[in-house]
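Each protein sequence line maps, in turn, to chains X and F.
Sequential numbering of the first sequence, starting at 1098, is according to this note's numbering.
Sequential numbering of the second sequence, starting at 486, is according to this note's numbering.
Source of the hints: derived by calculation from the structure; they are not laboratory data.
No experiment lies behind these values; they were computed from the predicted model shown.
Note that the Cβ used here is the ideal one computed from N, Cα and C, for glycine as well.
Among the hints, erroneous ones may be present.
Stated by the list, open to error - Beyond 12 Å from chain F on every Cβ pair, some chain X residues (computed):
1) 1115
2) 1117
3) 1129
4) 1144
5) 1154
6) 1162
7) 1167
8) 1178
9) 1181
10) 1183
11) 1207
12) 1208
13) 1209
What the hints assert, rightly or not - These stretches of chain F come out as covered by chain X in the derived footprint (C-beta under 8 Å, 3 or more residues):
14) 506-519
15) 523-535
16) 585-596
Take a look at the letters that make up each chain.
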Amino acid sequence: DAGVTQSPTHLIKTRGQQVTLRCSPISGHKSVSWYQQVLGQGPQFIFQYYEKEERGRGNFPDRFSARQFPNYSSELNVNALLLGDSALYLCASSLGGNRETPQHFGDGTRLSIL
Amino acid sequence: SQQGEEDPQALSIQEGENATMNCSYKTSINNLQWYRQNSGRGLVHLILIRSNEREKHSGRLRVTLDTSKKSSSLLITASRAADTASYFCATDANNYGQNFVFGPGTRLSVLP
Chain X
1098 DAGVTQSPTH LIKTRGQQVT LRCSPISGHK SVSWYQQVLG QGPQFIFQYY
1148 EKEERGRGNF PDRFSARQFP NYSSELNVNA LLLGDSALYL CASSLGGNRE
1198 TPQHFGDGTR LSIL
Chain F
486 SQQGEEDPQA LSIQEGENAT MNCSYKTSIN NLQWYRQNSG RGLVHLILIR
536 SNEREKHSGR LRVTLDTSKK SSSLLITASR AADTASYFCA TDANNYGQNF
586 VFGPGTRLSV LP
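In isolation and in its complexed conformation, chain F is listed as follows:
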């Protein structure tokens, strides 16, 4: 089974609203990353949060991490139509290299 599981599977909001996506994982991690994927394209790295961090910001993105609950959330504020994409969380499966485990993703649709 996958390490990370995003929820909801799909989310539809109006432009200007905030979007929140959650990620749960099973085993201990060193860091957790969020990526975005536009339809038919590769993934784009958004943000990395280390296991000793609780919150991180990047522009309109806010990521939180709760290691006691093994969960993370991604908040996109003031969403735009261009934010329409799939969002994935990825955890490091071991202490060596880049063997990252991705969840199934949340499909976000931002309606104009």
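In isolation and in its complexed conformation, chain X is listed as follows:
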């Protein structure tokens, strides 16, 4: 079975631009979470969506938004990009949406802001 897939794998943008990252969860998984991982640090929670509704939001500005589609895939949008947005963006899916369900991570999208 295919794992969590993310696209694109790498992306280069300039300050002020907008970006959309995509995630396809494992088949049957209804929960998708997004994390930002700055080099040398642990992942930081951005959003969780479960059954197409926002289940949780981390401490990120309103420039960050996300949605989940009827097929449970998800998009993360970031507007007005800043240099500090350069990071690895990870998507994780899980069967259920509760805290005891293990998450399965994709290999991420490496976003570089020039």
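Once you have looked at the hints, place chain F on chain X.
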């Protein structure tokens, strides 16, 4: 500040030796999880331990949890070169959903 803090930040051992990594956290938790991340890849879930559990095993992995000290440890026995990776602990930040808080991780290098 982050909920979980791993220590040491980096660890280098010889193949066959045991590796121990520690995680401390600040607030009460419902469960604690450990993940592994190979360079340039996503995270892989290793083990989950609930707040009412003290020890859990999975293959060569042994996790302990001491809620009175707000700390956990991950022991990898008989390490292999393939265990070279970063290891993160993650705690649930609230009682709802998957808003997990990860520590900065321990970078483990297993030398052949």
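Subject >> Nearest-CB test (12 Å) between chain F and residue 1207(X) >> reply: 8 Å, violated
Subject >> Non-interface label on residue 1117(X), tested against every C-beta of chain F at 12 Å >> reply: Given a closest Cβ separation of 19 Å, the condition holds.
Subject >> Status of residue 1162(X), Cβ more than 12 Å from any chain F Cβ >> reply: Holds: least Cβ distance 17 Å, greater than 12 Å.
**OP:** Just double-check residue 1115(X) for me: nearest Cβ-Cβ distance to chain F has to come out over 12 Å.
**Re:** 24 Å, holds
**OP:** Establish whether the coverage given for the segment 506-519 of chain F by chain X is satisfied; the threshold is a Cβ-Cβ distance below 8 Å, and no fewer than three residues must meet it.
**Re:** Held - the segment 506-519 of chain F has 3 residues with a Cβ nearer than 8 Å to chain X, which meets the minimum of three.
Subject >> Reported absence of residue 1144(X) from the contact zone with chain F (all CB gaps over 12 Å) >> reply: 9 Å, violated
Original post:
Against chain X, does the segment 585-596 of chain F show at least 3 residues with beta-carbon separation below 8 Å?
Top reply: With 6 residues close enough to chain X, the hint holds.
Subject >> chain F versus residue 1208(X) - minimum CB to CB distance exceeding 12 Å, so not interface >> reply: Given that every Cβ of chain F is farther than 12 Å from that of residue 1208(X), nearest at about 14 Å, it holds.
**OP:** Could you let me know if the closest chain F CB is still more than 12 Å away from the CB of residue 1167(X)?
**Re:** Holds, because the least Cβ-Cβ distance between residue 1167(X) and chain F comes to about 20 Å, which exceeds 12 Å.
Subject >> Status of the stated non-contact between residue 1183(X) and chain F (beta carbon gap over 12 Å) >> reply: 15 Å, holds
Original post:
Looking at residue 1181(X) again, its CB stays over 12 Å from all of chain F?
Top reply: Per Cβ check, residue 1181(X) is outside 12 Å of chain F; nearest 17 Å; holds.
Original post:
residue 1178(X) clear of chain F by more than 12 Å, beta carbon to beta carbon?
Top reply: 22 Å, holds
Hint compliance for this structure: hints 3, 4, 5 and 11 are not met, and every other hint is.
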